[in-house]
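*Asks:* Protein sequence lines, in the order shown, are assigned to chains Z and D. Every number in the working numbering is 139 more than the matching position in the first sequence, counting from 1. Every number in the working numbering is 605 more than the matching position in the second sequence, counting from 1.
Treat each hint with caution, since some may be false.
[Said to hold, decoys possible] With a straight-line cut-off of 25 Å between C-alpha atoms, the simulated DSS-like cross-links for lysine-lysine are:
1. Z/177 / D/614
2. Z/209 / Z/142
3. D/614 / Z/241
4. Z/177 / Z/142
5. Z/209 / Z/241
Note that these hints are calculated values from the structure, not bench results.
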Amino acid sequence: AQKVTQAQTEISVVEKEDVTLDCVYETRDTTYYLFWYKQPPSGELVFLIRRNSFDEQNEISGRYSWNFQKSTSSFNFTITASQVVDSAVYFCALSERAAGNKLTFGGGTRVLVKP
Amino acid sequence: NAGVTQTPKFQVLKTGQSMTLQCAQDMNHEYMSWYRQDPGMGLRLIHYSVGAGITDQGEVPNGYNVSRSTTEDFPLRLLSAAPSQTSVYFCASSYGQGTNQPQHFGDGTRLSIL
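Starting from the given sequences, assemble the full structure and let the hints guide the process.
*Replies:* Structure, rendered in structure tokens:
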């Protein structure tokens with residue numbers, strides 16, 4: 140069965156600091172997909188990034204970057220130079236190709252960016 | 606650009622009442638699903654559908670029914686509401702199956718059962 144763990148329940152930083160969110164997953168499938176979603180205080184869920192299991196290249200997109208390591212089953216997400224608008228709950232999620240599009244979510248990490 | 610539309614946004618029910626949460630998408634997505642969000646537990650899958658006429662159970666299906674008569678609509682029915690069903694409900698849709706296509710979420714329905 141698939142499982143996603145976000146050990147950090149809440150992180151508080153001062154604006155312009157970097158924030159790294161940890162995500163550890165479990166899966167038996169060899170092909171799977173990892174996602175990060177953002178939930179701002181308004182409540183909607185916003186897709187941020189995705190990574191395929193067969194592509195371990197780490198990338199940077201604006202102030203976002205991610206570090207995918209299959210050896211440790213981790214998919215960490217970093218916000219560089221945080222801003223107050225980054226305050227939100229961030230969810231890591233996993234779907235297995237064999238299980239269709241069913242997403243398994245972690246418990247979420249609340250990020251509070253103080254001015 | 607409507608995307609995924611959920612109605613109502615808020616609802617208060619009494620224990621034992623029934624109601625239907627509506628979900629519609631205009632992106633011609635085959636896959637649709639319902640999740641509930643409870644504090645500290647992330648989102649959990651209730652039911653899902655891979656196409657019109659096909660539905661299946663997710664992780665927490667008890668107390669909920671779904672149907673998929675059209676590609677666009679995927680309503681969630683609470684047959685006899687219980688306080689344990691107090692939650693925020695999200696509908697989502699995406700292309701295909703077993704792909705890396707992200708799911709698009711509606712804005713959620715906040716449901717309180719008294």
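*Asks:* Does each hint hold? Answer for all of them.
*Replies:* Status of the hints after comparison with the structure:
1. Z/177 / D/614: 19 Å, holds
2. Z/209 / Z/142: 15 Å, holds
3. D/614 / Z/241: 24 Å, holds
4. Z/177 / Z/142: 19 Å, holds
5. Z/209 / Z/241: 20 Å, holds
In summary, the structure agrees with every hint in the numbered list given earlier.
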